[in-house]
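Peer 1: For the protein sequence lines, the chains are A and B, in the order given.
Per our numbering, residue 1 is the first one in the first sequence, and the count goes up by one each step.
Per our numbering, residue 114 is the first one in the second sequence, and the count goes up by one each step.
A hint or two may mislead.
Claimed, not checked - Pair ranges (Cβ atoms, derived):
hint, chain 1, residue 1, chain 2, residue 2, range
1, B, Ala191, A, Thr82, 41 to 47 Å
2, A, Ser69, B, Lys184, 39 to 45 Å
3, B, Gln127, A, Arg22, 40 to 46 Å
Simulated from the structure, these hints should not be mistaken for lab results.
Beta carbons: idealized from backbone N, C-alpha and C, even for Gly.
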Amino acid sequence: DAGITQSPRHKVTETGTPVTLRCHQTENHRYMYWYRQDPGHGLRLIHYSYGVKDTDKGEVSDGYSVSRSKTEDFLLTLESATSSQTSVYFCAISESRGSDEQFFGPGTRLTVL
Amino acid sequence: GESVGLHLPTLSVQEGDNSIINCAYSNSASDYFIWYKQESGKGPQFIIDIRSNMDKRQGQRVTVLLNKTVKHLSLQIAATQPGDSAVYFCAENITGGYNKLIFGAGTRLAVHP
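The following block holds chain A by itself, in its conformation from the complex (with noise of 0.2 Å):
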């Protein structure tokens, strides 16, 4: 997985807590982002990182934060989960700014109770 880890792994929370999942990578890659999984609708950007402490939001950004304080970290934060937030969430990372292909994470499974 292209030097990227994401932990948990797996978490079952309940509704109305808040959540911190993490995106580590080893690659010096500028570009980070945070996708989300569903059944029937591929992978939707949630937000994206173009350098340290510059984030941008993307198509599904409601009810999620995000950091990048180093290179290596970007954190995905649900300031108070909902079971709509169920899903399974992988961070990528790219080279470049421009059209460059994005490797994936292995993924986090959440459940929101």
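Here the structure of chain A is known, so what remains is to put chain B in place on it, guided by the hints.
Peer 2: Just chain B now, with coordinates in the frame of chain A:
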């Protein structure tokens, strides 16, 4: 593994046959396209990419065809093997942005011995 393919179209082929997976993309301004393969319980893996100044690109056992007139992309897999069984996603991007890929919903390829 993650249940991301519950409602996906499925292509069933016999081992050794050629497979063709199709994708219609949405934005006529897209100029970069990628095919990803996702096995159960894993993140998407890059297979092959193509830029809009080309209409065909070949890799090892795979060929991608691009028809910009009808906004259609296809992935051809030669001599399909059981290890090719997975969900395949196409993704599109517009050069100049922050490499924000837009993914299709995916197609499941089932290879039978």
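Peer 1: For every hint, state whether the structure bears it out.
Peer 2: These are the hints, each one checked on the structure:
| no. | hint | in the structure |
| --- | --- | --- |
| 1 | B:Ala191 / A:Thr82: 41 to 47 Å | holds, 45 Å |
| 2 | A:Ser69 / B:Lys184: 39 to 45 Å | holds, 40 Å |
| 3 | B:Gln127 / A:Arg22: 40 to 46 Å | holds, 43 Å |
Against the hints set out earlier in the document, no violation occurs for any number.
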